[in-house]
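Colleague: Sequence:
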Amino acid sequence: MIHQILKFSTVILLFAFISTGCQKDDVFELRAGDKNAVIVKEVDGIEFKFCLLNEQGEPATVFNEGENFTFSFSIKNNLDDYIYFDTSVFNVTGFFEVKNESGNFGIPYKKPTFDNLRIPEKITKGEIYGANIKWIPDNTELHLGVTNFFKSPTENLNKGTYYTEFSHGFNFKRIKTDKLTFKINFKIK
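Residue 11 in the working numbering sits at position 11 of the sequence shown, with consecutive numbering throughout.
Take these hints with a grain of salt, some might be off.
[Said to hold, decoys possible] List time: in silico PhoX-like cross-link candidates among lysine-lysine, alpha-carbon distance up to 20 Å: (1) Lys159 to Lys187; (2) Lys134 to Lys159; (3) Lys49 to Lys134; (4) Lys183 to Lys35; (5) Lys173 to Lys134; (6) Lys49 to Lys179; (7) Lys111 to Lys151; (8) Lys134 to Lys187; (9) Lys122 to Lys99; (10) Lys111 to Lys125; (11) Lys159 to Lys76; (12) Lys122 to Lys151; (13) Lys187 to Lys99; (14) Lys125 to Lys176; (15) Lys110 to Lys99; (16) Lys99 to Lys151; (17) Lys134 to Lys111; (18) Lys173 to Lys183; (19) Lys159 to Lys99; (20) Lys134 to Lys110; (21) Lys183 to Lys41; (22) Lys49 to Lys183; (23) Lys159 to Lys41; (24) Lys189 to Lys159; (25) Lys122 to Lys183; (26) Lys159 to Lys49; (27) Lys125 to Lys76; (28) Lys134 to Lys189.
Please keep in mind that the hints were generated in silico from the structure rather than gathered at the bench.
Whenever a hint applies, use it, and build me the whole structure from the sequences.
Modeller: Below you can see the structure in the form of structure tokens.
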């Protein structure tokens with residue numbers, strides 16, 4: 001009886017170990033007040049950079065009440081050959097979205113209901129591709145590739161703690177990443 005229980009327990013533990021190993025998720029996170037306010041991570045020769053910029057264009061995780069900020073996300077091709085960037089990351093749930101424990105405060109631009117963003121962008125060695133989008137946009141439209149985004153109603157955030165977070169498995173044609181999660185915790189004072 002004990003031998004059967006041990007066998008059964010071993011099988012369950014092995015199954016649990018295998019199932020958690022298959023759910024690889026690399027999480028890159030900044031805390032409000034971190035001195036280095038930029039996430040910079042290289043994965044398989046591709047450098048990912050995500051941060052928030054203050055009104056002076058400097059990376060920050062603490063902002064004054066009433067201050068606008070900019071989301072900045074880019075990738076850099078550090079490989080010896082070109083890659084194709086699947087721009088669908090711009091349509092991922094959570095991308096450039098602001099939340100806190102009490103709710104969701106929205107995104108700067110409404111996402112399209114169709115997915116023209118699947119048209120890949122060719123990125124040569126050393127080239128950087130990305131987007132800088134203000135929380136309260138200056139323009140009513142934003143053009144990324146062949147897709148138009150239309151301004152959402154966003155307002156200055158009240159004092160408090162917030163975060164922006166998104167997860168995506170990137171597809172660069174020859175290189176595919178596991179799901180990567182980028183999270184920035186920030187504060188309005």
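Colleague: Now tell me if each hint is right for this structure.
Modeller: Hint-by-hint comparison with the structure:
1. Lys159 to Lys187: holds (7 Å)
2. Lys134 to Lys159: holds (18 Å)
3. Lys49 to Lys134: holds (16 Å)
4. Lys183 to Lys35: At roughly 16 Å apart (the allowed maximum being 20 Å), Lys35 and Lys183 satisfy the hint.
5. Lys173 to Lys134: Violated. Lys173 to Lys134 sits at ~30 Å, over the 20 Å cutoff.
6. Lys49 to Lys179: Distance ~16 Å between Lys49 and Lys179 Cα, so the pair holds.
7. Lys111 to Lys151: Holds: Lys111 and Lys151 sit about 9 Å apart, inside 20 Å.
8. Lys134 to Lys187: This hinted pair holds, its Cα atoms lying about 16 Å apart.
9. Lys122 to Lys99: Not satisfied, since the Cα-Cα distance of roughly 33 Å exceeds 20 Å.
10. Lys111 to Lys125: Answer violated: Lys111 to Lys125 is near 30 Å, above 20 Å.
11. Lys159 to Lys76: violated (34 Å)
12. Lys122 to Lys151: violated (27 Å)
13. Lys187 to Lys99: holds (11 Å)
14. Lys125 to Lys176: Holds: Lys125 and Lys176 sit about 17 Å apart, inside 20 Å.
15. Lys110 to Lys99: holds (16 Å)
16. Lys99 to Lys151: holds (18 Å)
17. Lys134 to Lys111: Satisfied, since the Cα-Cα distance of roughly 15 Å is no more than 20 Å.
18. Lys173 to Lys183: violated (25 Å)
19. Lys159 to Lys99: OK: Lys159 and Lys99 at ~13 Å, within 20 Å.
20. Lys134 to Lys110: holds (13 Å)
21. Lys183 to Lys41: holds (13 Å)
22. Lys49 to Lys183: holds (12 Å)
23. Lys159 to Lys41: This hinted pair is violated, its Cα atoms lying about 30 Å apart.
24. Lys189 to Lys159: Since the Cα atoms of Lys189 and Lys159 sit roughly 5 Å apart, the hinted pair holds (cutoff 20 Å).
25. Lys122 to Lys183: Distance ~26 Å between Lys122 and Lys183 Cα, so the pair is violated.
26. Lys159 to Lys49: violated (26 Å)
27. Lys125 to Lys76: holds (8 Å)
28. Lys134 to Lys189: holds (19 Å)
Comparing the model with each earlier hint shows violations of hints 5, 9, 10, 11, 12, 18, 23, 25, 26; every other hint is respected.
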